[in-house]
Amino acid sequence: MSRSALEGVMVISLGTGAVVPDAGKILGELGANVIKIESSEHQDFVRTLSVKKNDVPGFNETNRNKRSFGVDLRTEKGKDLVRRLIKMSDVVAENFRGGVVKSLGFDYESVRKLKPDIVYISSQGFGRGGPHADYPAYGPMLASASGMLSIWKQPEDPFPAGSNSPLPDFMASKFVVIAILAALDYKRRTGKGQFIDMAQTEVAAALMGEKYLEYTMNKQVPQPLGNRCPYAAPHGCYPCQGIDNWVAISVFTNEEWRNFGKALGNLAWTRDPKFADIPGRLKNADELDKRIAEWTATREAKEVMDMLQGAGVAAGVVQRAPDTMSDPQIAFDKALIELDHSVVGKRLYPNIPFHMSETPPAPSRTAPLLGQHTEEICRELLKMSAGEIEKLKAEKVLESA
Amino acid sequence: MVAKEREGALTGYRVLDLTDSKGAYCTRLLADLGADVIKIEPPQGDQGRNMPPFLHDEPHPEKSLYFLYRNANKRGITLNLESDEGKDILKKLAKSADVLVENFGPGYMESLGLGYDMLRDINPKLIIAGITEFGLDGPYRNYKGSNIVDFALSGVMITSGYSGKVPTLLPGTPAYDATSVAADIEILAALYCRDAIGKGQKIDVSVHEAARTGLYPWSVPIYSYSLNPGAPLPMPEGRLGAQIYPVYPCKDGFVRVIAITPRNWQALVRVLGSPEVLLMPDWENFIYRVGNAEDLYAIMLEFTTKFTQIELWEAGFREGVPIAPIYDIPTFVNSADATARKFFIEVDHPVAGKGKYPGSPYKWTETPPSVRRAAPCLGEHNEEIYCGELNFTKDDLMALRYAGVL
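For the record, the sequence lines run as chains A and Z. Anchor point for the first sequence: position 273 equals 257 in the numbering used here, and the numbering is continuous, going up by one each time. Position in the second sequence counted from 1, then plus 32, gives you the numbering used here.
Just so you know, these hints were derived from the structure itself, not from any lab. Predicted, not measured: the structure shown is a model, and the values here were computed from it. Hints should not be assumed to be uniformly reliable.
Examples of chain Z residues lying across from chain A (beta carbon under 10 Å, computed) [to be verified]: (1) Tyr45; (2) Tyr101; (3) Gly193; (4) Ala222; (5) Ile229.
Keeping only pairs whose Cα atoms sit at most 25 Å apart, straight-line, the calculated DSS-like set for lysine-lysine is [said to hold, decoys possible]: (6) A/Lys71 with A/Lys375; (7) A/Lys286 with Z/Lys197; (8) A/Lys203 with Z/Lys386.
Beta carbons are placed, not taken as given, at the ideal position from N, Cα and C, and that holds for glycine.
Sequences and hints are given; from them, build the entire structure.
Written as structure tokens, this is what we have:
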């Protein structure tokens, strides 16, 4: 009785890195049939981050819920097979470097001739039309070029260091899904496909639009605030027991401040009148931070979180993976999932955070080995015989795991 | 329903937006794509109107740049959901709506008699998305979230900033935005299959869950892959941004370099004029560079400071190593790319005046998203919607206003 939301939708993923692969992971989980086009010669670069191409955690997370079709796109026979798959598809998504799909003959103009109502999305770093359209695009570069990174620092830092996470990639990937779904729904209602040209720098800027208005409307250059908030104190990260363990705490109202004091056993400084109201706490934020850091330093981050939350104050562990793995709410939500990958074995992955009452997500599948589904796709979708498949494998047009 | 040409992809759909700043971006993105989003605020206004920054630093309910940005493209009405008349009006609005989004917290809509079961009886095709901080149920059900707390729990913060210094908040509202896009994906998927399954549905989105699984999905797998029976526990995850994606000063600012493969590194050395000190084979190894990032930084300075940001950016492209300038916000606004793409769009607001707003991050050939209208003033569309659609008279509006309903 229950079916997935995107049952019957077929997606061709010419994806590499994080953005289009992560989008395909989500579409697959919603029930779409997602096919990743790849080959040993033209690998998703995340596969190359380890010596073993099927044993890369980033790749195996971002490429779940899709099948791998191993085909050499430089061969005419290989192109022809992909053209046949595109004719059956609803969506093509690509994030190769600008210009690459055109050189392969799979740009929108070419694809539209094969499938006039295709929904086609290109996601590049800077998008089309500007001088950097063909520049490579890694998230950390785009955080830099968009202005995002310039304010992602403490005021005293000489320059921003950013983060291990290649943001804005994992937000850009969700924008790709939003665009595809809205365009698919438009196609469902009108029969029309279209081309969508996304710029990942613009995703970064869109996420902090009010900061750009500070410049365009107030003529101010937004300055980094670090962990401070202009209307709340305390508001920061405080060191806890152990090495490099932290808890984040924010207090907005006077009631929360009084609750904070109670949770700390009404220590004398928490009753100091200079901290009693918001202007006082903001003015004395440095001293406040120092006092709180002294108090948190002898406690475990999780203990501080639960103590303060129990008193009605927002607080949270600055989580690492093991903190998430022991987070009782994450467990309750089943927000992590263990999957058994044929090369890597049983490992944990984040689940899709979707709770839809009528269309449950499709069962999560592990990332494919390079070419794992080549033969299956040839047989089922392209109706090829075993002989034809073997011949093309021998000619190195196809490869299978 | 057939959308008209040159309208948005979602033109024809109506969204009732009961959110505050936690969900404002969710409905904003649907509005950009053409949906008719009606922002329903309590008579005293959404708390988001009080969020800095403000136009010319003047705290005023129509001048919050946060509110103006996150609520552009929406129409706005006031409604007191806790009054009997207010509940009736919401039910009337729900009849013709496709989507309702709220972020009140577990059980609140039910307590008003406006829960999913009630509204579904009125409109079986309605899609309801409820955003909560920590989910509808579970051990953290009553915990409080906030921008910094949700970001801390997301797993990104521990990796943000400098090694040995405090973890650093990403500006904006990243955890709420991760939640908003998750909610949008579910809403759009539910719209897509609504006719096929013949009904709407209920969607629950938790900020903690959406931010933790969405903003840095690689962190748990990376850790999980490093756990092997009999092997020692891996090093705790640290802040490696400056080592993995190093930043170097140049003549007119800073650049960031993404050199991961040996080929990238060789290209970087060529960009810098192949100085002998960089030709040592060890430097070709990414892991070696990460481990010796401080030494490398000291060496690199001498060479990177000979060039401008743009010289390095372009030379990196020619040679095959991704390099990008670290731009401040004005430089991006005025950049050739943003200008060529007309990314910033002029929007005129009756109180805040004209301003250039970031547009949508994508161009569509058939249904271009756009900023068609400024954020609504408080109650701006009361007459248009209550009189124009629900057949209230202007006298009714005055009476309901006095009664605290609107």
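Going down the list of hints, with the structure as the test:
1. Tyr45: 9 Å, holds
2. Tyr101: 4 Å, holds
3. Gly193: 6 Å, holds
4. Ala222: OK, holds: Z/Ala222 within 10 Å of chain A, min 6 Å.
5. Ile229: 6 Å, holds
6. A/Lys71 with A/Lys375: 23 Å, holds
7. A/Lys286 with Z/Lys197: 20 Å, holds
8. A/Lys203 with Z/Lys386: 13 Å, holds
When held up to the earlier numbered hints, the structure conflicts with none and fits them all.
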